[in-house]
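K.L.:
The primary structure of each chain is shown beneath.
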Amino acid sequence: MIAELGHIALIMALFMALLQSVFPLLGAAQGVPVWMAVGRAAGRAQFFFLAVAFLCLIGSFVNHDFSVLYVARNSNTALPLYYRISAAWGAHEGSMLLWALIMGLWTVMVTIFSRSLSQEFLARVLGIMGLVSVGILLFILLTSNPFERHFPPPADGNDLNPLLQDIGMTVHPPMLYMGYVGLSVAFSFAIAALLGGSLDSAWARWSRPWTLVAWVFLTFGIVLGSWWAYYELGWGGWWFWDPVENASFMPWLVATALLHSLAVTEKRGAFKAWTVLLAIFAFSLSLLGTFLVRSGVLTSVHAFASDPARGLFILVFLAVVVGGSLLLYAVRAPTVKDRVRYGLVSKENLLLLNNVLLVTAAASILLGTLYPLILDALQLGKISVGSPYFASVFGPLMTPIFLLAGIAPMFAWREADLGKIGRRVRYVFLGSLVLGVMSTAVFWDAKDIKTMAGLSMALWLAASALLSLWNRVRLRESALQGLKAQSRSVYGMTLAHIGIAVFLTGVVLSDRYSEEKIVRLAPGESSTLGDYTFTFKGVTEVQGPNFIAQQGDFRVQRGDRDVAEFHPQKRIYRVQRNTMTEAAIDPGLTRDLYVALGDRMDAGAWSVRLYYKPFIRWIWLGGLLMMTGGLFSAADRRYRLAIRQAEVWGESAAEKTA
Amino acid sequence: MTPRRRRMIVVGLILIGVSLATFLALTAFQKNLLYFYTPSQVAAGEAPTGYPFRVGGLVVQGSVQREPNSLTVRFSVTDGTSTVPIHYTGILPDLFREGQGIISVGQINASGVFEASEVLAKHDENYMPPEVADALKQSGQVSTSYKDYQK
Numbered sequence: 277m278i279a280e281l282g283h284i285a286l287i288m289a290l291f292m293a294l295l296q297s298v299f300p301l302l303g304a305a306q307g308v309p310v311w312m313a314v315g316r317a318a319g320r321a322q323f324f325f326l327a328v329a330f331l332c333l334i335g336s337f338v339n340h341d342f343s344v345l346y347v348a349r350n351s352n353t354a355l356p357l358y359y360r361i362s363a364a365w366g367a368h369e370g371s372m373l374l375w376a377l378i379m380g381l382w383t384v385m386v387t388i389f390s391r392s393l394s395q396e397f398l399a400r401v402l403g404i405m406g407l408v409s410v411g412i413l414l415f416i417l418l419t420s421n422p423f424e425r426h427f428p429p430p431a432d433g434n435d436l437n438p439l440l441q442d443i444g445m446t447v448h449p450p451m452l453y454m455g456y457v458g459l460s461v462a463f464s465f466a467i468a469a470l471l472g473g474s475l476d477s478a479w480a481r482w483s484r485p486w487t488l489v490a491w492v493f494l495t496f497g498i499v500l501g502s503w504w505a506y507y508e509l510g511w512g513g514w515w516f517w518d519p520v521e522n523a524s525f526m527p528w529l530v531a532t533a534l535l536h537s538l539a540v541t542e543k544r545g546a547f548k549a550w551t552v553l554l555a556i557f558a559f560s561l562s563l564l565g566t567f568l569v570r571s572g573v574l575t576s577v578h579a580f581a582s583d584p585a586r587g588l589f590i591l592v593f594l595a596v597v598v599g600g601s602l603l604l605y606a607v608r609a610p611t612v613k614d615r616v617r618y619g620l621v622s623k624e625n626l627l628l629l630n631n632v633l634l635v636t637a638a639a640s641i642l643l644g645t646l647y648p649l650i651l652d653a654l655q656l657g658k659i660s661v662g663s664p665y666f667a668s669v670f671g672p673l674m675t676p677i678f679l680l681a682g683i684a685p686m687f688a689w690r691e692a693d694l695g696k697i698g699r700r701v702r703y704v705f706l707g708s709l710v711l712g713v714m715s716t717a718v719f720w721d722a723k724d725i726k727t728m729a730g731l732s733m734a735l736w737l738a739a740s741a742l743l744s745l746w747n748r749v750r751l752r753e754s755a756l757q758g759l760k761a762q763s764r765s766v767y768g769m770t771l772a773h774i775g776i777a778v779f780l781t782g783v784v785l786s787d788r789y790s791e792e793k794i795v796r797l798a799p800g801e802s803s804t805l806g807d808y809t810f811t812f813k814g815v816t817e818v819q820g821p822n823f824i825a826q827q828g829d830f831r832v833q834r835g836d837r838d839v840a841e842f843h844p845q846k847r848i849y850r851v852q853r854n855t856m857t858e859a860a861i862d863p864g865l866t867r868d869l870y871v872a873l874g875d876r877m878d879a880g881a882w883s884v885r886l887y888y889k890p891f892i893r894w895i896w897l898g899g900l901l902m903m904t905g906g907l908f909s910a911a912d913r914r915y916r917l918a919i920r921q922a923e924v925w926g927e928s929a930a931e932k933t934a
Numbered sequence: 011m012t013p014r015r016r017r018m019i020v021v022g023l024i025l026i027g028v029s030l031a032t033f034l035a036l037t038a039f040q041k042n043l044l045y046f047y048t049p050s051q052v053a054a055g056e057a058p059t060g061y062p063f064r065v066g067g068l069v070v071q072g073s074v075q076r077e078p079n080s081l082t083v084r085f086s087v088t089d090g091t092s093t094v095p096i097h098y099t100g101i102l103p104d105l106f107r108e109g110q111g112i113i114s115v116g117q118i119n120a121s122g123v124f125e126a127s128e129v130l131a132k133h134d135e136n137y138m139p140p141e142v143a144d145a146l147k148q149s150g151q152v153s154t155s156y157k158d159y160q161k
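So the sequences go chain by chain: C and U. Read in order, the letters of the first sequence are residues 277 to 934 in our numbering. Read in order, the letters of the second sequence are residues 11 to 161 in our numbering.
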């Protein structure tokens, strides 16, 4: 019963999405207010039905209804309640339903926080979002219905993939989808503006907070995914340039570019056409990400599902979205003229450089990710692109960003005085350089140029971001007044840029000074790694709710001092008979110690992986700082006053915030 | 400087930057392409020597041998027609076992043994790496059980 109810709710949601797209779009074209008004109600109703459908799916999981195929494949009577709920989005069908649900959630948010939009514009935005929903709901109903029954039902289910039985993987998909789908709002705003011919700074100002919030979720989702891969996969790495990781990173890079380009459009009315194009690309890459992960075209740990019909549907959907919006862009963009003039050395050009670098980075990832697929599809051979490619392309592209992100806010719009800025930052620059070189020499290695360069760059980035803030603050009478006078978006930007510096520090130090050892240890034996001595005490058997584990016991000492006890596990999940490595980690701000059990060898000995990872937490800490910065910016007061000021954007151009 | 000349300079700089980036990217790209070869292709001598590539197939039943007191493992992979011997030092992935489809990255040495730097097995016992599935199909050993799983 519950499953049928869910199925019906899903069909109702599709009808609501149709209403939400057809009437408002026609109404906006014909100027019929009643039709336009349909969008808001239909959007909310769509979300209601999706929520019902989603609850029904969770209900089926909680009740162990194994006559539902999806539940039978992804759950088991021994699966704890918590994972039965999260299993609802643990595989393809359910995660697409989650996608649709989140799309509905964003739609509702738009209907609530849009009182200031003109009726026509809102109708167009909701109409476009409705069209996207129609596509996704059709996809679910036609190719991946989570409520499909099969008889006779199996006595017990196939269990949830053990890799996903984990808190990180519970939260990661919803967060990532919030980001992916959130970019559909920026996309819809851009398309609506193209349709209505109202590409102005008011549009950019409306679009910015939505883009920021989506970006915040996307950042969080990627950080969670990276953290999960680190502790769950048992290889001690935090980023593998796996196609699925790339699929989430490309929209992030383009969305970051979009945020910066929206700033120029809002403040200066420039880059309009480019901003629209970025909004289209960002959402298209989100769809591409969904396609890559969900169609099973990739050789990847994530490609759990594979079905060509699904792949074809998403590919056609992608072609319609990208092709349609680019066609519209081609027709409308030539009428958009930037009449703004600016000099060679100006904030505009620095932001343009930022955009060029970020988009180039995204394009080079796209090349590395899609090229093997295209070759394969054309039967020209099977290749894969090694991760050194990505690393060697990324370094040179990101270096200018690391160098310029901090001081760019100090540059004036239109025409900046390079000499003046140079005089202002020279001591900070020298200080960062000296400190970076000195600290590397003192704490690590006096001949390590790479770390010196990396640390100096991180210090410079953080210091110059603070200096830019100080530059604004000191215009006021007292420091306190100056700090109060700054808008939240200024703090947000500063925080996010410092986040990059923290991230960079983590990447450089963990990359250069990680130590790894794979050893064979019998009980009682020990092995040293850096200053730490790892002693293996033996292995005991432990029972979990749906697995049996061999649990190792390790003691770690530094000199005479006990540092930590480790209990890494090798789990065997009863139903799928899968083996899983659960690493044990002793986290710290300056170093992680990491122990993972390998294989059982002869005579009670095990092969063991030991890692010492300095500053690796800083990588995720940096991501979280960027995310917090995004939240601050999105909470800026001016977005709540957006419309009243929107008509007079010229006034706000004088205020020098980015 | 006229606005026109200034714009030309900006466009020129961007053009230089983009072509430089493209050049670097493509060079790095060329260096990091890893081709996949089936065990039959390796046996026929089609695989490169002195250059890393990927090979994949099913781990031959009874072929896995550990050297005592070390982390070196010897095993063979097959596509049903030919087999390739592989040496690997390190920890094998969780789902590595005999009869399982795996992919390995490494180079072939002078005595025809594949020295693996990486062994990949998928985190789903029913999932077959597409390369391996194709390799089996080419050699006429279609394994149907994997296809049935999704339906």
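No lab work stands behind these hints: they were computed from the structure. It is possible that part of the hints are untrue.
[As the list claims (entries may be wrong)] Part of the chain U face toward chain C, derived, beta carbon under 8 Å:
#1 Arg14
#2 Ala31
#3 Ala35
#4 Gly60
#5 Val74
#6 Pro78
#7 Tyr98
#8 Leu102
On a predicted model such as this, the values are computed, not experimentally measured, just so you know. C-beta atoms are modelled at their ideal positions from N, C-alpha and C, and glycine is treated no differently.
K.L.:
Of the numbered hints stated previously, which ones are contradicted by the structure, given in increasing order?
P.N.:
1, 4, 5, 7
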